[in-house]
Amino acid sequence: MVFIAPALIGLVAFYIVPTFRGLYLSFTDYSILGDPEWVGMKNYQAIAKDPMFWNSLWVTVEYVVINIVLQTSIALGLALLMHNVAKSILVRGALLLPYLMANVIAALLWFWMLDYQIGIVNQVIEWLGLPRVAFFGSQIWAIPTQALINTWRNMGYTALLIFAGLQAIPGSLYEAASLDGSSPGQTFRKITLPLLRPVLALVLVMTVTGSFQVFDTVAVTTQGGPINATRVLQYLIFQRAFNEQDFGYGSAIAVILFLILMVVAVIQMKFLRGNESDLD
Amino acid sequence: MKNPFTSKKTVGAVAIAVFAAASLSACGGASAGGNSASGDVSYWLWDANQLPAYQQCADDFHKANPDITVKITQTGWDDYWGKLTNGMAAGTAPDVFTDHLSKFPDFVKTKQLVPLDDAVKAANINLNQYNAGLADLWVGQDGKRYGLPKDWDTISLFYNKKMAAAAGLSPAQMASLTWNPQDGGTYEKAIAHLTVDKNGKRGDEPGFDKNNVAVYGLGLPGSDGENAGQTQWSFLSATTGWTTTDKNPWGTHFNYDDKRLQDTIAWWASLAQKGYMPKLETTVGASAPDAFGAGKAAINSNGDWMIGQYKTYKGVDLGIAPTPVGPNGKSMSMFNGLADSIWAGTKKKDASIKWVEYLASTKCQDVVASKAVVFPAIKTSSDKAAAAFKAKGIDVTPFTQHVKDDTTFLLPITDNAAKVAGIMKPAMDAVVAGKAPASSLTAANGQVNALFAK
Amino acid sequence: MTEFASQRRRRFRWRLVLAWTAVGLAIAISILPFYWVLRTALSTNGSLAANSANLLPADFSLGAFKRVFGLQTTAEAIAAGGSGASINFWGYLLNSMLFATLTTAGAVFFSSMAAYAFSRLRWKGRDKVFALFLGTILVPPIFTALPNFLLVRNLGLLNTMAGLVLPYIFMTPFAIFFMRQFFLNMSREVEEAAMLDGARHWRIFFQVVLPNAAAPLATLALLTFMGQWNEYFWPLLVGSDDSSRVLTVGLSVFKSQSPQGAPDWSGLMAATLVSALPVLILFAAFGKRIVNSIGFNGTK
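Chains as they are written, first to last, in the working numbering: chain A, 1 to 280; chain B, 281 to 734; chain C, 735 to 1034.
Treat the hints loosely; a few may be bogus.
Rough simulated footprint, nothing fancy, chain C against chain B, three-plus residues with beta-carbon under 8 Å [as the list claims (entries may be wrong)]:
| id | region |
| --- | --- |
| 1 | 367–381 |
| 2 | 673–684 |
The calculated lysine-lysine pairs, modelled on DSSO-like cross-linking and capped at a C-alpha distance of 27 Å, are [stated by the list, open to error]:
| id | chain 1 | residue 1 | chain 2 | residue 2 |
| --- | --- | --- | --- | --- |
| 3 | A | Lys49 | B | Lys715 |
| 4 | A | Lys190 | A | Lys270 |
| 5 | C | Lys1022 | A | Lys87 |
| 6 | A | Lys270 | C | Lys858 |
| 7 | C | Lys862 | B | Lys591 |
| 8 | B | Lys699 | A | Lys49 |
| 9 | B | Lys442 | B | Lys670 |
| 10 | B | Lys481 | B | Lys442 |
| 11 | B | Lys684 | B | Lys699 |
| 12 | C | Lys862 | A | Lys270 |
| 13 | B | Lys351 | B | Lys651 |
| 14 | B | Lys672 | B | Lys594 |
| 15 | B | Lys527 | B | Lys684 |
| 16 | B | Lys351 | B | Lys539 |
| 17 | B | Lys351 | B | Lys627 |
| 18 | B | Lys672 | A | Lys42 |
| 19 | B | Lys351 | C | Lys1022 |
| 20 | B | Lys527 | B | Lys539 |
| 21 | B | Lys478 | B | Lys442 |
| 22 | B | Lys441 | B | Lys539 |
| 23 | A | Lys42 | B | Lys643 |
| 24 | A | Lys42 | B | Lys478 |
| 25 | B | Lys594 | C | Lys858 |
| 26 | B | Lys651 | C | Lys800 |
Because the hints were derived from the structure by calculation, they are not lab data. A virtual CB, placed ideally from N, CA and C, is assigned to each residue, including glycine.
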């Protein structure tokens, strides 16, 4: 099969083998500079007792939930607006602009703008007569802030995905609905939402898997802090494996993250498949 | 090596290649490769402010040794250590690099550094030419030398002279502050008096609004839990007689459960509660020096390598005062130094040794001194640096006095430094943020000591 | 009746105002930060803190851009609160270009081949292999980063363009998925005609299928290129010397230089702007295609 040969090489060499190798390393004591040493379940036992790990799991889930609720609802709203009101492609282009920035750059940009002392956002908040907000410094705000940055970068893109879904809904259905005297709210509930479900499900799969792997923005801004408020799973992996040179331990957490993603994906795929017929 | 996957034919070839990588990864420490005394020597450092000085050294070195060219790469502190570790694993680390006391024990443990004892003997380097104690820092637990000292640093108080004058504090008063863990002494009084709220009320006046502070008496760059309080509180806790570890260097038992330390931290954290110091949450991402530069803080305690940074702020008349005198009757400072080390995987060992020797000689250290960015390790060069600072209008006596008076103590040098930092930073953050009492450090201390029990 | 209609219209207008306000707000939130980047980039570092409320550049200066392009002497740069390190901007730009172009070309081409095999050819185990490819989307990148790092090192390709490009050049799961969707929906007629002429799969693929797929290929190439241009983690691990450092990594010299050093904000923002420029230009030129293409794969 010449056609898939190059892709297969890439798949085996850079995805499958590393996956098994990562799995192997999770059962070892390995400091990058030495030799991996087989230690069996030791890393996993240590993880089960590690309060830092459970904190990370919780923080990550918090991020995922906030991110999904925010991003999906804002994107849905924007998509409806683009579909019904602001039909110009310029609007779509403008909203997509943040998506062009690298994660790292988006994070640094907001790190600067949301600075407690000299950031412009806090300046505006002060002009409005409200107290300044420690976006990155407060334990309560840190995770929502990370989610907000991610939402800022991705909302246009996600909105366009949903927008494409809206475009695919036959206009005749809306005409029929308006002839029946259905109110906009009813139309949205009875026609738009059900027909949009496959697209929404896809968007959800993407956002959830992406969100569980949040790293870039945390790495260049809070680096896990304040205290442990943004020590998300992937950052903990990075910290243990690279900073503390405990690669076996880091790999073991990575395996757990991998398993979580698998479970989430399977659940979502079922959800997605169950609604595939809606569009036909 | 256990290898559960090579039996699978489909992935065989690639898998073997990958697994071979693991077994080769330790080769760096074993062979030194060719020992050519000529060619290119790569050299890494992190502080951009020092780059011009060392570039000058490299150019001079090349003139004296035309067959060796030194290539300098500067990488920001944030990426430096990760890149270095990866480079060591990858076999692409630089021949010579700037080394830090908190990092070098791990490199010694993994056999990444070249012992310099023979070279020192062969070149007849006088280790007494360096400021007292600096040369000893770079000897590992195995008794071998892994670095030659290049510079040192101490801590002082940077303060805004105009603000001090407006508060009625003379430079002489600022230079003779006292401190104790109970009421904070005149250090706290000065900090309180220098704090001004939005209505112009000072921190020690009735009606002071601690939730709307315009100028903080003391700036706060973080809890400094990962650096043993180097620039923030170590100079205070040291005056109570407390030490971080049972012995230094190479301690194996930490003392964060000691009441003297916990009292110090409790007092320090209370400044934020009183509104004299910014709350920790408001300083994430902010730079304390920048806030100082913007007139939002009156005092910053910091190290001498920051002098250049503090001087760039326009409209700030910069004063430098010694750290406060504590219960033991002394003004103390943590003493830290950098050195140049040679990576064990170098292929230019002899040329690298020559370069390190040059870096550690008066020839290079006088050049560094003349640029007035940092204090070189050699005593005579240190004096030249102080003179160069003075020529720029900066009196650095508060920094140099510690060395003269021998009121310094060392940055803790231990194994597991990265893991200790990983535990202590969040623990210390929690206390300073007011989320946990100082006594919670006892639990963190237990976790830290468990690392050494293994 | 007329009264009712006018009432409805008034209500409708009010709704429209609200809707446009929301759109305007969203656009403002998307675009205004870019102004702030520009404003900061044109400011002088030392004056930023004191002028945080000023909406115009604080102490206007082109110094930050000069720092990015390496036009300032080290002493000037440090005096301006920047990094003294010379950043080899043009070298990094070239590396970024090479990295993004090579990976895009390779990934798009090889992935289309695979996608063709997954959609138009019938062979045993096809769907299972495809599922395997799709499954790789779930592997967290950090999980494979170190094993891949070791592999590249073992091939002796560390700090080379080849090492940088290798994990991406053969395929990306997304590209395969994207092209497969397109091929599945493509009409079979032309292909069948060619088949009747006795053409083999290779010829059909190159002479019939690929030309017909020009539009989605271009879209995929654009999307891949933008993604690769913004890649950070892998180049950070593998490309650390001047011959292989890409722009996103090179920019990190603007971050703090010593413990507790302050970031060179104006330099960082200038660098951000410059490094985003190629993507912004692409977007300006092909924006319509990009905007219209998103969702192409999402509808089914």
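Okay, the hints, checked on the actual structure:
no.: 1; hint: 367–381; in the structure: holds (count 5)
no.: 2; hint: 673–684; in the structure: violated (count 0)
no.: 3; hint: Lys49/A x Lys715/B; in the structure: 23 Å, holds
no.: 4; hint: Lys190/A x Lys270/A; in the structure: 23 Å, holds
no.: 5; hint: Lys1022/C x Lys87/A; in the structure: 13 Å, holds
no.: 6; hint: Lys270/A x Lys858/C; in the structure: 25 Å, holds
no.: 7; hint: Lys862/C x Lys591/B; in the structure: 65 Å, violated
no.: 8; hint: Lys699/B x Lys49/A; in the structure: 17 Å, holds
no.: 9; hint: Lys442/B x Lys670/B; in the structure: 20 Å, holds
no.: 10; hint: Lys481/B x Lys442/B; in the structure: 17 Å, holds
no.: 11; hint: Lys684/B x Lys699/B; in the structure: 34 Å, violated
no.: 12; hint: Lys862/C x Lys270/A; in the structure: 17 Å, holds
no.: 13; hint: Lys351/B x Lys651/B; in the structure: 20 Å, holds
no.: 14; hint: Lys672/B x Lys594/B; in the structure: 15 Å, holds
no.: 15; hint: Lys527/B x Lys684/B; in the structure: 23 Å, holds
no.: 16; hint: Lys351/B x Lys539/B; in the structure: 49 Å, violated
no.: 17; hint: Lys351/B x Lys627/B; in the structure: 15 Å, holds
no.: 18; hint: Lys672/B x Lys42/A; in the structure: 58 Å, violated
no.: 19; hint: Lys351/B x Lys1022/C; in the structure: 47 Å, violated
no.: 20; hint: Lys527/B x Lys539/B; in the structure: 18 Å, holds
no.: 21; hint: Lys478/B x Lys442/B; in the structure: 18 Å, holds
no.: 22; hint: Lys441/B x Lys539/B; in the structure: 35 Å, violated
no.: 23; hint: Lys42/A x Lys643/B; in the structure: 53 Å, violated
no.: 24; hint: Lys42/A x Lys478/B; in the structure: 56 Å, violated
no.: 25; hint: Lys594/B x Lys858/C; in the structure: 73 Å, violated
no.: 26; hint: Lys651/B x Lys800/C; in the structure: 23 Å, holds
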